[in-house]
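Q: Here is what each chain is made of, one letter per residue.
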Amino acid sequence: MTGPFKMNRKTFLVSALALLAAGPAFAQAIPATIDQPVTITFYNYNLGSAGIGAEATRKLINEFMAANPNVTVEGVPYSSADASRIQADLAAGLPVDLVQTVFSDLDFAVTNFGAQALEDIIPAEELTAHFAGMHPNGLKLGVLNGKTYGLAYTFSTPVLFYNADLFRAAGLDPDQPPKTWAAVKEAALTIEEKTDAEGFAAGITGPSAGDWLFQGVIRSNGGEVISRDRTTLKFAEPEAVEAVAMLRDLYDAGVYDSLDIAAAMEGMAAGNFGMYLQTSAVQGVLVAGAENNFELRASTMPSFGDKPVRPNNSGSALTIHTTDPLKQRAAWELMKFLTSEHGYTIITSEIGYLPLRPAIVDDPQYLGDWIKAHPLVQPNLEQLDVLEPWDPMPGPNYRQIVKTMMDSVEMAVFGGADVQATLADAQANAQALMP
Amino acid sequence: MTTEAVPQPLSAAPARLRKKTAAGTGLNSAAGHLVMVLMSIFCLFPVYWMVATSFRPTNAIFETSLWPTTMSLDNYVYALNAIPIVQMLVNTLVVSVVVTVIQLFTGLLAAYAFARWRFPLDKLVYTGVALTWLVPFQVVMIPNYLLVAQMGLLDSVVALILPHFASALAILLLAQSMRSFPKEVIEAARMDGARSWRILWEIMTPNLRGTIASLAILIFISTWNEYFWPLLLSRTPENSVIQIGIQMFMTAEGNQWGPLMAASTMASLPILLIYVILQRQVIQSFMKSGIR
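Residue numbers (my numbering), protein chains in the order written: chain B, 1 to 435; chain C, 1001 to 1292.
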């Protein structure tokens, strides 16, 4: 036993020394410049659509390639609904270099898709230089286990859109939108009573809703869906139960209907709803529907009484997956370009997401004039100061955990089930799926 | 005073009966027609709504008026600029036609073997083929993808066709038809010196025209509607099919209903044309295979 042990220990020590020596070397291995042609893949779900998201993405990629002639960026569209193409391409040994990762997939991207921590591959001074000017709350969104795996790319916050014409018709003041859930209920009841419209809709539940908006609702009541160390689910704790009971109360009062998520969005765009809580990313559809039909306005997410509103983001981050130093450099340069002042100007003005760099908001060289012409984005910007990360569920069953949780919420709000018992039961089931 | 019963013409009673029957039949027929008219409206209304919506401007997309109050071709212009619809339609047509021809070819060969030859484990192999019909494509999608990637055929129209070289449905349907083919005819051909290849192509295939036409329509339509494989495989719209193109107007940031309906209208035209020209065969093919 002693011999082999000694040998093992020796081998271990040699390996450890080699790793120690190689550690900084890995960090330094990324070349300072790109002096030879390199091709990187950019998996992007906006490219899988037809419209402004894809056009703006292609525009940014082309601008980057024009400025970096040694880098060819191959945009690969994929469906963010299941990321099956990324899994299939990794299984096929195809290069997956830079990915637009949905924040809820971040843990899975790190543990299964090989997303790299920026601190491990990019020199610290470069990171510091690039992070300067970024909103600290925005930077936190891509942090997992103390390291930055993703830089917020296309992200937004929950906004309470409302139909100012319906407010006026109901005798409500559109300049004083509801700021609390109690006020939302009151306004919705008034709208239903005084007009033919529905009071309130939200994108909290539904097949494509995920749990991002739900997390913000629970957090705003002082709860959380998962513990800070991401080991214990907490969506059946009293604060969460109280928040879900509030939604149930809206349903019981007849002002919050069980609607398909797309139907709710389109109902708002058609002018059939007084208020609609959803990601600011849908603003384009709502503005198009409202044009010449009704006055669309927006406010911040409602609070629970005096408790502070604690919204979290939706959307995506950029994550580097390649382990090739030259490709890492190319991916990092593209990542820097996309999250630059110019990048966020395009992302905000042409796709409809939030800029992570607050200084460009008032700068006429970037978003200054656009923001003046698009006041709807203001509540979104205000919430950047109180924004918290969308917690990704851990482990390979992360999607099933989210589904179990959200199914129980639907049953508790719309299905007439006992709120406490339903959430507790689902939490026990989902906890068994945790790693 | 006697009254003489005036003899009724013999045909009078049956005539009344006939009248009653005719009236009843007429009523039944009218009711039947009414039901069919209502069902036709029910079935056609979504198609009508698709076309009507495709002409509505963006801010009137949720109008509920039967006909657009303002008409616009903007959705068609936008859809044609946003995705290469014509190229996608051509790709879809090429894939559908080639898959149909190949599946019919391989189906005829395999069906002949199963119907005419006895070989070791033939029943087991036939059962195996039948069982593959029960395996959803999603199960073999990833292994197929890995194979296609190894062959360097990702994002190509060829790869859209490759996994569809053989169809269990085609083999089973054709084998059934061939088994009921008169053996005397085949024996006569054999006596005239025809071998299997000639019997298949010159005797059986021409006589199975009806079945083959029905099967061809079924394969064509199901390939035209294929979604999952192109979704996984295609990386550029230029190498993809129209079903993916239509889906591209549905995003997390909201659905672009106007362009989506315009693209759907354009995509429906070829398949509607096939229905109009071959409607009798289409209905027969669905009835024969028991698929609705």
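No lab work stands behind these hints, which were simulated from the structure alone. Note that the coordinates shown come from a computational prediction; the quantities given were computed from them, not determined experimentally. Incorrect hints may appear among the rest.
[Said to hold, decoys possible] Residues on chain B that point at chain C, a partial pick, calculated with CB under 10 Å:
#, residue
1, Tyr45
2, Thr72
3, Gly75
4, Tyr78
5, Ser79
6, Gln87
7, Ala270
8, Asn272
9, Ala288
10, Ser314
[Claimed, not checked] Chain B stretches covered by chain C per the calculated footprint, using a threshold of three residues with CB under 8 Å from any CB of chain C:
#, segment
11, 260-269
12, 277-285
13, 289-296
[Stated by the list, open to error] Chain C is faced by these chain B residues, among others (derived, beta-carbon under 10 Å):
#, residue
14, Ala54
15, Val76
16, Pro77
We treat Cβ as the ideally placed atom computed from N, Cα and C, and that holds for glycine.
Q: Next, verify each hint and record whether it holds.
A: Taking the hints in turn, this is what the structure says about them:
1. Checking tyrosine 45 of chain B against chain C: minimum C-beta separation of about 8 Å stays under 10 Å; hint holds.
2. For threonine 72 of chain B, the suggested interface contact is broken, since its CB lies about 15 Å from the closest CB of chain C, more than 10 Å.
3. Taking 10 Å as the C-beta cut-off, the interface hint given for glycine 75 of chain B holds, the closest approach to chain C being about 9 Å.
4. Interface restraint check for tyrosine 78 of chain B: the shortest CB-CB distance to chain C comes to about 9 Å, inside 10 Å, so the restraint holds.
5. Here the hint on serine 79 of chain B is kept, as its CB sits about 7 Å from the closest CB of chain C, short of 10 Å.
6. Given the 10 Å rule on beta carbons, the hint for glutamine 87 of chain B holds: about 8 Å separates it from the nearest Cβ of chain C.
7. Among the interface hints, the one on alanine 270 of chain B holds; its C-beta lies about 3 Å from the nearest C-beta in chain C, closer than the 10 Å criterion.
8. For asparagine 272 of chain B, the suggested interface contact is upheld, since its CB lies about 8 Å from the closest CB of chain C, less than 10 Å.
9. The interface hint given for alanine 288 of chain B holds, since its Cβ lies 5 Å from the closest Cβ of chain C, which is under the 10 Å cut-off.
10. Contact between serine 314 of chain B and chain C, as hinted, is supported at the beta carbon level, the nearest pair being about 9 Å apart and thus within 10 Å.
11. Evaluation of the coverage hint for the segment 260-269 of chain B: fulfilled, as 4 residues show C-beta separations to chain C shorter than 8 Å, against a requirement of three.
12. Given as covered by chain C, the segment 277-285 of chain B passes the check, having 4 residues with a CB less than 8 Å from a CB of that chain where 3 are the minimum.
13. Only residues whose C-beta sits within less than 8 Å of a C-beta in chain C count toward coverage, and the segment 289-296 of chain B has 5 of them, enough to reach three; the restraint holds.
14. Given hint, alanine 54 of chain B at the interface with chain C, holds; its Cβ is 8 Å from that chain's nearest Cβ, closer than 10 Å.
15. With 10 Å as the threshold, the beta carbon of valine 76 of chain B comes within range of chain C, its nearest partner Cβ sitting at about 6 Å, so the hint holds.
16. For proline 77 of chain B, the suggested interface contact is upheld, since its CB lies about 6 Å from the closest CB of chain C, less than 10 Å.
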